[in-house]
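Whenever a hint applies, use it, and build me the whole structure from the sequences.
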Amino acid sequence: MNIPILSSLILLPTVGAFFIFFSKSNNKKYQSSKYVALFISLANFLLSLYLWFIFDNTVSDFQFVENRKWIAGFVNYKVGVDGISILFIILTTFITPLCIISVNSTIENRLKDFLVAILLMETLMIGVFCSLDLLVFYLFFEGGLIPMFLIIGIWGGERRVYSAFKFFLYTLLGSVLMLIAIISIYWITGTTDVEKLYEIGIDIKYQNLLWLAFFTSFAVKTPMWPVHTWLPDAHVEAPTAGSVLLAAILLKMAGYGFIRFSLGLFPVASEYFIPLIYFLSLVAIIYTSLVALMQDDMKKLIAYSSVAHMGFVTLGIFTMTQQGIEGSIFQMISHGLVSAALFLSVGVIYDRMHTRLISQYGGIVSIMPKYAIVFMIFTLGAIGLPGTSGFIGEFLILMGTFKKNFLVAIIASLGVILAAAYMLWLYKRVIFGKLINDNLKKMVDLKKSEILILWSLAVPTILFGFYPEPLINTIEVSVSNLIEMYNLNVENYLVKNSQ
Amino acid sequence: MIDLNLILPEIFISLALMFLLIVGVFKKNSSSLIYNLTILSLFVLLALVLNLSHIEEAFIFNQSYKIDNLSNFMKILTLISAIFVMLTSSKYLKLTKIFKIEYPVLILSSILGMMVMISSNDLIVFYMGLELQSLALYVLASFNRDNLLSTESGLKYFVLSALSSGLLLYGCSLIYGFSGSTNFNEIEISISNVQYGLTFGIVFILVGLAFKISAVPFHMWAPDVYQGSPTSVTIFFAILPKIAALTVFIRFLYVPFINMMDQWQMIIIFLSIASMIFGAIAAIGQKNLKRLVAYSSISHMGYALAGLTTGTNEGIQSSIIYLSIYLVMNLALFSCIFMLRRNENYFENIDDLSGLSKNHPILSFSMLIILFSLAGIPPLAGFFAKFYIFKAVIEQSMYFLAIVGLLSTVIAAFYYLRIIKIIYFDPEKEKYDKDHPIGLKLSLLLSTTFILIYFIYPNAINNLVSKINII
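Taken in sequence, the protein lines are chains A and B.
As numbered in my numbering, residues 29 to 527 make up the first sequence, in order.
As numbered in my numbering, residues 413 to 883 make up the second sequence, in order.
Simulated from the structure, these hints should not be mistaken for laboratory data.
It should be emphasised that the depicted structure is a prediction, and the values quoted were computed from it without experimental measurement.
Keep in mind that a hint or two might mislead.
With a straight-line cut-off of 25 Å between C-alpha atoms, the simulated PhoX-like cross-links for lysine-lysine are [claimed, not checked]:
| # | chain 1 | residue 1 | chain 2 | residue 2 |
| --- | --- | --- | --- | --- |
| 1 | A | Lys328 | B | Lys833 |
| 2 | B | Lys699 | A | Lys194 |
| 3 | B | Lys770 | A | Lys62 |
Shown next as C-alpha cells:
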C-alpha cells in the first residue's frame, strides 16, 4: 500500500487549522489551541524527517510522485520531491513549530486566528516546494499572500496597514505575469506538467519572454534590487513569528523557483540573461549591505542583510556550476536558520523593551549573558564565519562564481566584508558598551522556551558548518542532473545557431 | 404541430404570476402568503426546466424560440439565483416596510422576461423579453417610493434604459432592413458579404446590450441605481439581468453574426478593457458598499466579456463559468450586507464594517473569503473564473487583453484589500444583531462554502458548461 506522504504533509496543517478555527474560543482554550498547533506542526516535522530518511539520494528522478486528475483534461494535481525540494520542505516543517513556540504575550489578541494563519501558511509553503505542475505551483505560491497579509496586517506594528498592502500588491503584481506565462506555456507545449516540460523543452523563440515573466515574479519575491523595498517594511511591521516565516521560508520560494523553473524550463534564456542577474545580484549585495550599515532599527538591518544574502543566492544559482548551485541551496537553508534566529533574537529583546532602535540598547551582555552567546553564534552565522553553515554556502557560491567570472566574484567578496561590518557593529552596539539606558536593567535573561527555540536553531547552524555532508549528499545528484540537462540544452542551441 | 411542452416553464410562470396577482387583490394581508407561493413556484419552475434539460436543441414558433443547452443552463442559473435572492431578502423587505404583494409578482414577471430573452432566437422575441424584464425592473428600483434615493434611481434607470432600448430597436430595424429577416438563423444565412448597414445595426444592438450589463461606457446608471434601490432589489440587479443579457450577447454575436466577427470583435475588446480598468479604478474611492459593488460588477462584466472576444467555444464557456462564479460571489457578498443590521436598521457604508472581526468572527471570515475571491486570489473560486477567461484569451494570442486584464486585477485587489483592512485591522464598533432568518444564513453558508472548496473539484461545473457548444 502506498501512503500519499506528500499530500499528508500538505494537508495535515490545514486539518489542524480547521480544528483550531472551529473549536470554542475562551481564554483557557487559547493555550490548548497553541498546544494543538504545536502538536500538529511537530508531527509534520517528524513526518518530513521520515520522508528524508526514506528518500533515495542516489537518483535524480522525482520521488513519492502523486498524480491525480484535477481540472479535466488540463491540469493534474501532481506533487513529488527531488533532492532540492526535500530540504526546503524540512526547513519549513522545522521552522513552523519554532514560530508557534515563539508566539507569546505579544500576540494577546486573537491567538487562535494567528495559529490558524501560521498553519495555513505551512500548508501553502510545503505545497510550493513539492508541486510538479506549474498551475499547482502558482496556486500555492499566490495563496500564501492571504495568510501573510493578515499576519502582517492584524498583528503587526504601527505602520502595519501600509506594509501589508505593499507586500500584497508588490507580490501580486509580480505574479500575474507569471500566470500569463504559465497559460502561454500550456498553449505552446500542451502541458503544464514540469516533468514533461523538462523532457520536451520549450521552443527557443518564446523562452526569453517567458523567462522574463517568471523572473518578474521571482525577483519581487526574492527580493532583488530594485523591487526589494517591500521587504524591510514587511519585516519591520510583522510580528516576530511573521518575520521569521517571511525570512526563513517565503524568500526561499523564489530561489527555489529560479532553480526549478528558470533554469529547468528556460535554459537558453537563462544563459542569455546571466549578465542581468549578475548585475542585479551585485547591486543587491553591495548596495543593500551599505544600506544595512546605516540602519538604526534592528529588524530593518536584518531585513536588508537578507536582501544582500539573497543576492548571493541568485548569483550562485546563475553561475550554473555544481558548486554555485549547491552553495545557493546551502546558503538558502543556512539563511533560513540564521535569519529566523536573528529575528527571534530581536523579538526576545523587543518583548522586554518594546523598542527595536539600536540606540536604546547597549551593554546587554552584563544582564543577559546567555542571550549574548546565542546572538553571537547567529551574528557569526550571518557573517559566514568558518564553522557556521553560512560559511559553506558563501564559500561554495564564491567558488562557483570564480570559475565563471573573476571580476564578479571579487565584487561579491566585498559583500562578505560588508556583512561582517554591519553585523559586528550591530552586535557591538547592542551587546557591548556601557549600560546607559537604565530601563535595560530590568531585563531578565532568556526564558526556557526562548532557550529551546534559539538553541534548536543554533545547533544545526554550527553542525552544518562543520559537517555539511548530509545536506550536500541530498542535493548533489539532483543538482548535477539539472546542470547536465542545462548544458545539453544550451550546447544544442549553440550548435544549431552556428550551423 | 407546436410542441407546447417546450415552453411549459414559461406558460407556468405566466399563469402563476396572474394567479398570484388575483390572490393578492382578493385576499387581504396576503403578502407573506404570496411571497412564499412565489418561492414555491420558482421551485416548480426549476423542476420544469430541469425536466427539459435533456433537450440538445429544439425550435418552436417558426424557429423564433430556441431550447438548447445554453438556454437550459442559463435558465437554471437564473432560477437558482432567484430562489436565493428571494430567500435572503424577506426580512429586509419586512423591516424596510416594503413587503407588499406587488414585489414578488414583479420579480416573477421580470424573470419571465429573462427566460424569454434567454431562449429567444429572433429579434422581436428578444426585444419583447427585454422590455418585459426592464419594465418590471424600473418599478422594482423605485419600490421604496417614500425614499428619495430609491425614486431617483428608478427614474434614472427608466430614462437611460428607455434610451438604450430605443437604440437597440433602431439597430434591430437596421438589421431587418439589410438582411431581410428578424430570425437569427435566417440572418446568418442571408449575410454573404459585409454590409455597413449591418455593422451599424450590430453597433446599436451592442450598445443596448452593453447598457444592460453595465459595461463601460454605458455604465453610468449602475452606481446610482445600485445605491438607491432597496438592497433586496440591488442584489437582484447585480445578479439576474446579467445572466439574461450575457446569454443574448452570446447568441447574438455567435449565431447571426459569427461571420462578421472581424467587425464586432474590436468593439467587444474595447468594452471589455474599458470596463475592467474603469471598474477597478473608480471603485477605489467609494464609501458605500452597494456603490462599490456596482463598480466591481462593472469590472467583472469586463472579464466576462473578454471571454466572448475569442470567437471560440472555449471562450464562451469560460465566460459562462465566470458568470456562474460571479453570481455566487455576489450572492455571498450581499448576504453579508444583509447581515449588517442593528436595531432594525440596515447599514451599508464601508465604515460600518470597521472591526467586524472582533465581534463576528464567522461573518468576517466569510467576507474575507468572498473579497479575496472577488479579487481573484488563488485558491478561491474567483481565481479559477479569471483563469479560464485568460486561458481562452491567451489561446487566441490576445496578450494585450490578458495583460491589461491581469493588471487591473491588481488595481482591483487594492479596494478589496481596503475592505478587508477595515474589517480586520480597524477598531471595533457596536455589535450587530445576530438573529438572521435561516434562508439568509443558508445562502451565505452555501455560497461561501462553494467559493472555498470549488478548487477541490472544479470539474463539477466545467463538465456541465462544456456541453454548451454554440459554434
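Against which earlier hints does the structure fall short, listed by number upward?
The structure breaks none of the hints.
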